[in-house]
Structure formats: structure tokens, C-alpha cells
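Trainee: Under my numbering, the first residue of the sequence shown carries the number 441, and numbering increases by one thereafter.
The set of hints was computed from the structure by calculation and includes no laboratory data.
No residue lacks a Cβ here, since even glycine has one placed at the ideal position from N, Cα and C.
One should not assume that every hint holds.
[As the list claims (entries may be wrong)] No farther apart than 30 Å at their CA atoms in a straight line, the calculated lysine-lysine pairs in the BS3-like style are these:
| id | residue 1 | residue 2 |
| --- | --- | --- |
| 1 | Lys624 | Lys547 |
| 2 | Lys547 | Lys682 |
| 3 | Lys624 | Lys657 |
[As the list claims (entries may be wrong)] Quick list of the computed label-pair ranges, beta carbon to beta carbon:
| id | residue 1 | residue 2 | range |
| --- | --- | --- | --- |
| 4 | Asp603 | Ser648 | 24 to 30 Å |
| 5 | Arg634 | Arg750 | 18 to 24 Å |
| 6 | Arg569 | Glu710 | 32 to 38 Å |
| 7 | Gly545 | Arg698 | 52 to 58 Å |
| 8 | Ser527 | Arg750 | 34 to 40 Å |
| 9 | Asp666 | Val613 | 40 to 46 Å |
| 10 | Pro548 | Thr690 | 34 to 40 Å |
| 11 | Val613 | Val688 | 18 to 24 Å |
| 12 | Lys451 | Arg702 | 52 to 58 Å |
| 13 | Val617 | Asp453 | 19 to 25 Å |
| 14 | Glu696 | Phe504 | 35 to 41 Å |
| 15 | Ser648 | Pro570 | 32 to 38 Å |
| 16 | Pro655 | Leu502 | 26 to 32 Å |
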Amino acid sequence: MQQVSQIDWDKGDKSGLVSIGSHKLYLSVSGPDRKPGQPIAILMQGLGSTIDEWVAVRGLVLPFARWLNYDRSGMGRSEGPDQTPTSISAASVAAELDILLENAGIKPPFIIVAHSWGGYTSREFLELRPGDIVGMVFVDCNTEHFFDNGTWGLNVFNPVLGDQDFFETTDLVTSHVLSEEQWKAVKEEQANPRHQATEAAEMQAALSDRLALVPKKQLEKQPLEDYPVSVIIANTPGDFQKMYHFGVATGNGTEEERVLFREYLDRWREMDEDWQRELLKLSRLGRTVRLNCGHNVQLVQPQSIVQEIRWALDNWDNSQCVMKPWGTWAVRIPDAGQVSEEKY
């Protein structure tokens, strides 16, 4: 493998382990050769997710954009500081990405593609690199207002959920668009004990990560100014509805626990879009996309994510674009006969 210090990450398909001091992270960059000043799209995937889940998105992006993905500490092909991570947070993930990019010599500007818990890690990275990010695509992301009564829903959901396979219960096994080989890689990584230990540590951090964002007041400061922000909103409550029915059929939870589950799920359905639309406040240019699929958009509707990456790239350089008036765009992706609509 070529020495990392000798790699030109702006040209060709490149991959390797890059030191961040305490250990090494796996980095992969591909797509069209990058010209000076052009943005590169950086993936910040969700809790417990590796780059293996994003191969379909990557394949659709490569014809028109430079794409960077990496595995976080203790995940996928990356090393970890130890075998049982306990001190992971969104801020630590952002700090490691900052060091990774610096040590690899990958320069801004960046367009960030974030999914789920990546809503927290990407916002912490924005805190570190506010002048280097020229667009963000949020894919069904958590925000600081997510369950803002201070109680994280999994504490309520777990007694009814029990031990079930999320992929099986939410029909991802039959609805994903990956090849058989690609899906096998996802499942093998999910079953890796090292992966599971890291995922547990990340999950433990979720509530603290939300609270850590609140005092930073990014939504009031509008740090992205006129750079594009896309917010993709999927139907995660629908996933949890399926999981609820499975748990009840299995006999999980008392009647009181099931009632509490339903109350939280109703709250989630009612507020989910409002919570996510808060992310539009990061910029004066933004749009939302509402999808009928479940949370793992990258596995079932990768083209919807790619559409928003292309939109962000088309709008990243305001000084060279004919801009539409500031405001929010709302887009509905055609599905099951729905009519497309766009408003400003």
C-alpha cells in the first residue's frame, strides 16, 4: 500500500489507513479528479453504520462529484484506540475527522452528507470548520430538539422492542437495492463484535450529544450563510411502528410500557418534520425533501440522496450562480402516484 504522505487524494481512486495519532482510520476517496477550489463530498454516516451501507450512493455520485468516506474509530476497516471504546461522542468523532483530513492533506471546501446520528457529528464538525463547509445534506438526521423534553425515546422503546433484527423487522432485507455481495458485507460488519461494542458506546452518547449542541446556538448564528442546506425527511416513526407490532406479537413489554411506547411514537410522528426543518436555519438557502421510505434511505432510495448532493453542488458557489430569492424550498419526491410540487 502506498504511503499516505505520498498520496494525492485529489486524483484517481485512493484508499488507505491514515494516522490520527493514537491509531489509524480507513479513508477512501474516488470520483472525478478534483480541480483547485472544487468541493469534495464527505460522508458522516449514522450511529453504528459503516461505509458498506453507502456503496449504492457512492456509485451514483462518482460520475459527477469527488466522494470521501471513512470508517470511524472501531468500525469497519479502521483501527480503534482500544478494544472496548467507552468515551465516544459526536464531538470526538468530529475532532478525529478534523485530524484525519489535516494529516491526509485534504483541503476544503467540503460538502457534508450526514445521516441520522451524523446530524450531531456533522454539526460538531461544522463547529470546528465553519469556514470550510459550503453545503450540507442532512438525511433523516437528529437535531438538538429531538425529544427535547430530555428523555431519549429508546429508554421507553426498548422494553417492547426486545431483541429483534432491525433489518428484518423493517423489511430492509427485501427492500434494499444492494447486490447480494454488498448486502453480505453489511450484515457481516453488523455482526462483528468490535462493531457492536463501538455502536453501544455511540448509542450511549446520543443524549449527551444533543445537549452539547444546545449552548452552541448554531441555529441562531446561521453559520452557513448562503450555502445550500438540504433536509431529507424519511418515515422513521413508520419503522418503529413495525418494530412495535413485532415486539407485541413476541410478547414484549407490559401494557403500561406499550402505552408509553405508543405515546412517544405519536409525539415523534407529530414533531419529526418540525424538528428536522430546524436545520434549515443553518443557512439562508435550503430545501426539504419528504420521502415515504424508512430511515435507511441510503439502502432503499439512494437516488434521493444523490439528487440532493447534486443540488448542493449546483448551488455551492453563490457568487457564480444565478440565485433564487432566499427562502425554503419544499420538494415531494414522486411515489405511488403522488404529484411533485415545489414552492419558494
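Trainee: State, for the Cβ atoms of Ser648 and Pro570, whether the hinted interval 32 to 38 Å holds or is violated.
Mentor: With Cβ atoms ~22 Å apart, the hint is violated.
Trainee: Taking the CB of Asp666 and the CB of Val613, does the distance hold inside 40 to 46 Å?
Mentor: For Val613 against Asp666, whose Cβ atoms are near 42 Å apart, the range 40 to 46 Å holds.
Trainee: Is 52 to 58 Å right for how far apart the beta carbons of Gly545 and Arg698 are?
Mentor: Hint holds: Cβ distance 54 Å, inside 52 to 58 Å.
Trainee: Is the distance from the Cβ of Asp603 to the Cβ of Ser648 consistent with 24 to 30 Å?
Mentor: For Ser648 against Asp603, whose Cβ atoms are near 25 Å apart, the range 24 to 30 Å holds.
Trainee: Looking only at beta-carbon atoms, does the pair Ser527, Arg750 fall within the given range of 34 to 40 Å?
Mentor: Holds, since Ser527 and Arg750 (Cβ atoms, about 37 Å apart) stay within the stated range.
Trainee: Does Lys624 pair with Lys657 here, judged by a C-alpha cut-off of 30 Å?
Mentor: With Cα atoms ~41 Å apart, Lys624 and Lys657 exceed 30 Å; violated.
Trainee: Given a hint of 34 to 40 Å, does the C-beta separation of Pro548 and Thr690 actually sit inside it?
Mentor: violated, 49 Å
Trainee: Would you check the hint for Lys624 and Lys547, treating anything up to 30 Å between C-alpha atoms as holding?
Mentor: The given pair, whose Cα atoms are some 34 Å apart, is violated under the 30 Å limit.
Trainee: Using the beta carbons of Val617 and Asp453, state whether their distance is inside 19 to 25 Å or not.
Mentor: holds, 22 Å
Trainee: Quick check: does the Cβ-Cβ distance between Lys451 and Arg702 fall within 52 to 58 Å?
Mentor: Holds, since Lys451 and Arg702 (Cβ atoms, about 54 Å apart) stay within the stated range.
Trainee: Regarding Pro655 and Leu502, is the given constraint of 26 to 32 Å on their beta-carbon distance met?
Mentor: violated, 39 Å
Trainee: Straight-line Cα separation of Lys547 and Lys682 no greater than 30 Å?
Mentor: violated, 43 Å
Violated hints for the displayed structure, listed by number in ascending order: 1, 2, 3, 5, 10, 14, 15, 16.
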